[in-house]
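Residues per chain, in single letters:
Protein chains: 4
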Amino acid sequence: MEGHLLDAGTMNKALDLIVENGGSFKVLNFNLGIERQSTSAADVRVSAPSHEVMEEIFSQLIDLGAITPETEVCDIITETCTQAGVAPDDFYVTTIYPTEVRVNCEWVRVENQRMDGAIVVGVNSAKCKLLRDLEVGDRVVTGVEGIRTVRKTEQREKRGSEEFSFMGAGVSSERRVELVVEQIAWELRQIRDQGGKVVVTAGPVVIHTGGAQHLSSLISQGYIQGLLGGNAIAVHDIEQALMGTSLGVDMQKGVPVRGGHRHHLKVINTVRRYGSIAQAVEAGIITKGVMYECVKNNVPFCLAGSIRDDGPLPDAQMDLIKAQAQYAQLLEGTDMILMLSTMLHSIGVGNMTPAGVKMVCVDINPAVVTKLSDRGSVESVGVVTDVGLFLSLLIQQLEKLTSPYQIA
Amino acid sequence: MEGHLLDAGTMNKALDLIVENGGSFKVLNFNLGIERQSTSAADVRVSAPSHEVMEEIFSQLIDLGAITPETEVCDIITETCTQAGVAPDDFYVTTIYPTEVRVNCEWVRVENQRMDGAIVVGVNSAKCKLLRDLEVGDRVVTGVEGIRTVRKTEQREKRGSEEFSFMGAGVSSERRVELVVEQIAWELRQIRDQGGKVVVTAGPVVIHTGGAQHLSSLISQGYIQGLLGGNAIAVHDIEQALMGTSLGVDMQKGVPVRGGHRHHLKVINTVRRYGSIAQAVEAGIITKGVMYECVKNNVPFCLAGSIRDDGPLPDAQMDLIKAQAQYAQLLEGTDMILMLSTMLHSIGVGNMTPAGVKMVCVDINPAVVTKLSDRGSVESVGVVTDVGLFLSLLIQQLEKLTSPYQIA
Amino acid sequence: MEGHLLDAGTMNKALDLIVENGGSFKVLNFNLGIERQSTSAADVRVSAPSHEVMEEIFSQLIDLGAITPETEVCDIITETCTQAGVAPDDFYVTTIYPTEVRVNCEWVRVENQRMDGAIVVGVNSAKCKLLRDLEVGDRVVTGVEGIRTVRKTEQREKRGSEEFSFMGAGVSSERRVELVVEQIAWELRQIRDQGGKVVVTAGPVVIHTGGAQHLSSLISQGYIQGLLGGNAIAVHDIEQALMGTSLGVDMQKGVPVRGGHRHHLKVINTVRRYGSIAQAVEAGIITKGVMYECVKNNVPFCLAGSIRDDGPLPDAQMDLIKAQAQYAQLLEGTDMILMLSTMLHSIGVGNMTPAGVKMVCVDINPAVVTKLSDRGSVESVGVVTDVGLFLSLLIQQLEKLTSPYQIA
Amino acid sequence: MEGHLLDAGTMNKALDLIVENGGSFKVLNFNLGIERQSTSAADVRVSAPSHEVMEEIFSQLIDLGAITPETEVCDIITETCTQAGVAPDDFYVTTIYPTEVRVNCEWVRVENQRMDGAIVVGVNSAKCKLLRDLEVGDRVVTGVEGIRTVRKTEQREKRGSEEFSFMGAGVSSERRVELVVEQIAWELRQIRDQGGKVVVTAGPVVIHTGGAQHLSSLISQGYIQGLLGGNAIAVHDIEQALMGTSLGVDMQKGVPVRGGHRHHLKVINTVRRYGSIAQAVEAGIITKGVMYECVKNNVPFCLAGSIRDDGPLPDAQMDLIKAQAQYAQLLEGTDMILMLSTMLHSIGVGNMTPAGVKMVCVDINPAVVTKLSDRGSVESVGVVTDVGLFLSLLIQQLEKLTSPYQIA
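If you read the sequences in order, they're chains A, B, C and D. In the numbering used here, each residue carries its 1-based index in the first sequence increased by 1034. In the numbering used here, each residue carries its 1-based index in the second sequence increased by 1034. In the numbering used here, each residue carries its 1-based index in the third sequence increased by 1034. In the numbering used here, each residue carries its 1-based index in the fourth sequence increased by 1034.
Read the hints as simulated data drawn from the structure, not as lab findings. Any given hint might turn out to be false.
If several chains are the same, the list does not tell them apart, and a pair holds so long as it fits within one copy or across any two.
[Said to hold, decoys possible] Capping the alpha-carbon separation at 25 Å, the derived lysine to any residue pairs in SDA-like fashion look like this:
1. Lys1434 with Ala1219
2. Lys1356 with Asn1303
3. Lys1356 with Val1087
4. Lys1356 with Tyr1308
5. Lys1405 with Ile1381
6. Lys1392 with Gln1430
7. Lys1161 with Glu1113
8. Lys1047 with Gly1294
9. Lys1300 with Asn1146
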């Protein structure tokens, strides 16, 4: 093992898992870096009472970034898929961390990294595949030999440098949201100026809490490159655009309109008549709002269906196999994801996203924020607050920032 | 208007909505029942500045159970559907309340009553249809003439009688759960003994909190006639049956098992190999748990897909149009629904369920319970508590009850 | 009974309570106002099987604003207090509603109205007293004869008029906070311009979430006439003023300072050395923050002690009998109370406050907001959001308002 | 530094804090234990740019259990208190960990260990004192020389042994409460059989949720040696004993009793008449419930006053300086504390309690549980659930246990 072994307790975790799985260890050698910037290295001999135990231990050590001596092997072990959509019993389950496998005596980076997949090996390549996408004949990686994951260990040095660094882990409703928003605004600006990619997952609460105009504004100003959600956010956004209400509540006065619970169905019916949201925009029926800005600014979106959907809108993708594929495609190459008050879609997105992508989770419910931001990675930050106010403040902070290019 | 007009403030709501919509009224006659059991009757003359306002007022008065003088008309107004899946602009949006329409000078009960649908009229019949199910040529009810909803007004008299009565509305984590459970147990026993139907919607938290054995027990004892959920509850239930963990947590010791986060994917792969949950049960692979009991006791289930699903299991219905149809079919004729820690599926179920079905919503999050039990009807009760303990207690209460048939 | 009997279901509640207490009724006469603005009147004959039941029914009817025929009596019944701090068994327990009692054949308004007190009658006067303040010889009102409460029934007419009207009841985290804040800002400006009185109850979360500068600003601009809280808000406010941290968290960077958990104790020690917060301000030690502005602007404050207090500060009132007295005094004549993230102190304040005072309850926890704003009165509004953002937004809204006097 | 340095990342924390405070380090020597049971030892040279920085670093290293080379000094540095209730500026602030100081060249254990105190040194002794208890002439420890804290490092070895071990840290509403309750029941039995001491802090929600009979049962069976709470739990417990309601809600039927909001005040008045709870018990007025069992079983209790108290009961201690002293006295020698749905009193108790005391925090609100159980110590466990059900289940589990003495 090499790297910042004391950071995040890696060394300790490694020794713990060996013992807990029934193995034992001897630390042969341990070089602690004598100064802060140094990395450490350790040689550890692992003993186990059986091959199964040893394999279980190795599979977990790989997750921690350890390199097993088997890496001198020239090729991982694979088994051929004999039933479409079903992996061999002993298949290696992928994590969110970048993974490399030995193919022809070389380390090959696994493409389409995501968690809970299998690795399929080609001639000189390897990629993650979902179980259901496995085809007969696919060579699926099994066992643990010849696999390693890459953990970013440089984080400590860079802290405090000019690079963006999110506030430490931990979710609390008792801290200063304004500071977090400032940092996010700064980061959004950076990503936009560098041609990066930001994707938003948003639930209908964004509209109910008055966030529609602010999210629309983010889109029209070029901060957002993709929108993921469900039927409901689009319905209530268009309801507000057409009738001034969201779920029947007047957004100017904040009070329910009598009969307003029927508004959303009238809206759905109208869009169905035009065939799609884009066609309703083109026909001049929808003239503002989040979906309008997406259409006008060519920001792609995907509305995944759910069991609770009314209607649905023609744009809602009710076949979830297709919806997951579209989500995954839209997320490719993303630098940052804003998760705005939708646990369902955000968990879906989290499953598809590899380590290294920054995630900002905003919700009024601390339990949701904890669940979403608990990936064991430094790149995610949770904010417990009202999403409408959050977006309002974010727009203000963005206005305060001067573009670096304007300075020059 | 006739009925218990002061109960639930019906009279007041009616006068309010007239004024708020821009109309005015004169109370021509108001007979308050002079004793408790009497019903009241009121004649109210409504004026409005335009036909549109008048129609809006009428559509809302109908929701309250008022009978408009237009009921002398022999037929409701209908418009023919000219585009599949799209209703006429002015279509009448249905509610959860039983509805009747005038056809050939007679009141005809609308079938398949559910909220947010349209009414399609046949020769001597009428039924609710979802927008997407409308076909070209369907005669869709528009406007408000010749429509009435039936509100149950007998509730006051029956209170305190031997019939089951749920605790009053209101959701609080500061009240005695044991009492509510006692009542629910009594009711479950009644429904079973009378050959009624109880459907459960359940999320994976039921398994995580140790409820699997208790829910299994409810099923094997004949208390449950249908199970609605998603991929996750089935996955973790089978994970517990096969590996003793739920989401990687050992259910006997309560601690995470190292490497346990991979268990659920191994389980999915195994079931995929056998083709379905039922086939895995028949093959002797799955030998206990919620899904096992469903298969063994011929309790039908539907697992609706969602964007967050891993795998999924072969049984997960990823086409949500079909999933909604299967849910609706499974819910037909239900007397009581237990909603156990799944907001998503429970909202879906609520949308499909007409008034009169008893609903019990259990969740640790008060906001979820409030949202689910807020239907303005007396038949729903919310319980803020740990769902595992709830089920444990429910089983105990059921054991305490002696069957009325055993007494005789 | 007279008034808007259908509003808020008063008539229905009255009939219900009669039956539930074991009595029965006949409606002798019921005049429903024929138009919206009219009031209604009803004569109801109540029968009860015993004097006790009748008295219980009357005491509850009084709470609803009914006038019992006994009002022709010239004097309420009183019993003399024979043990200091102890009321006669049958004493009348007061509510938050303005109350009048018959003394010498006249209706006399009860002074110091608050809930959960007893009424002590003088020669031509009456006032609320806490149990513990009762003295031997006090004439305490017992029974229910000759008592009436005054319910404001004019609310319906005034809605929509230029008078301030809060958004309807109900607490939800899914609505637009910006709208509520706009209304509160407008109201605060009105009260200040008319020389009214606003009192704030605030917990330490106000400081942790970055609200110190905004609350300071409200005070220095004359919007606040009193501050109620505990030891903690003052400690952390001064900690931020002296050391830039709140509970050890750097308020500029949002990260915990190592060793910062000791800051608050150092701060307490420092203020103890100077003898009081005011003396530390005068000595130039404290130069900004909420407490500083209170001292500088002569805004009185009371810090009530609690079992969890560290230190405490010399200003913390650890004798709670005195603290309650100071709170009550500070609240006299208040028009509006802002309750900012402190359930403990806000419940205390709610107990002391009569109906008619506007209450705004802000907390991130919906359960707290529900509990505080549930007084059955239209004057309270609950806001589920981050209190730091709430105050930030409130200051912005106030800046947008132009004083009516500046226009002229 | 010596001990299990990799456990809990102690080594890493030490190096981090040095750098973050502006110092630098060289690891002179690091002996990692080569097998699991071995301890490690490290020599680290610390450099700092100033005396202040060095002192700050040392004070934090002491908290981590490091021994500074200054331990060869024969005496800590002290400064004499010159103003009652005020410490010298540079006083050492205590933590929850057992602390030793050098007095006359010997390590002396500090008595009355608690956090947020100062250390006062006698001839051959030392003890914790609250700031307010400091007297003129007290020798108060300042600086950091000659101080060390003792961290328990043996925890790893003992895991899995027959000794009780709580489930790992982390608070979640998605785990199996039944398992935790089993463990707590087992521990309660052990403590009782060994003559240990268990103290309960309880809020009124215990009564509202039906826990009164279960908590009474715990007391009468000898499981509880002290009760800490406020006015409210005693009021509602006695209200239930006398009138069958809790805050006006009928505890048998679960519905509010009309007029029931006045019950608690009648109860307070009654107890005030008798002079104290004990006298009301002796007079035969109170015949069951939590307070009754405390009196009958000689279990001492302290009811700390708060600003929200009605009445209060004669037993409520409204002078909080005295209440804190009584709490602290009652907590002496406690083995385990059950914190039942009262954040206020539980935080107070937590502040007074040294490391090593087991703490069980039960609340329906996850945020409260997180806050209370977040002491960085393995001895506390949080349970998110309904407290009434928790107590019901605890009683059941205790009944299932057979006393070890009965076996023999």
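Outcome of the hint check:
{"no.": "1", "hint": "Lys1434 with Ala1219", "result": "both (9 Å within a copy, 24 Å between copies)"}
{"no.": "2", "hint": "Lys1356 with Asn1303", "result": "both (24 Å within a copy, 20 Å between copies)"}
{"no.": "3", "hint": "Lys1356 with Val1087", "result": "neither (39 Å within a copy, 44 Å between copies)"}
{"no.": "4", "hint": "Lys1356 with Tyr1308", "result": "both (23 Å within a copy, 24 Å between copies)"}
{"no.": "5", "hint": "Lys1405 with Ile1381", "result": "both (9 Å within a copy, 21 Å between copies)"}
{"no.": "6", "hint": "Lys1392 with Gln1430", "result": "within (22 Å within a copy, 31 Å between copies)"}
{"no.": "7", "hint": "Lys1161 with Glu1113", "result": "within (15 Å within a copy, 55 Å between copies)"}
{"no.": "8", "hint": "Lys1047 with Gly1294", "result": "between (56 Å within a copy, 15 Å between copies)"}
{"no.": "9", "hint": "Lys1300 with Asn1146", "result": "between (41 Å within a copy, 21 Å between copies)"}
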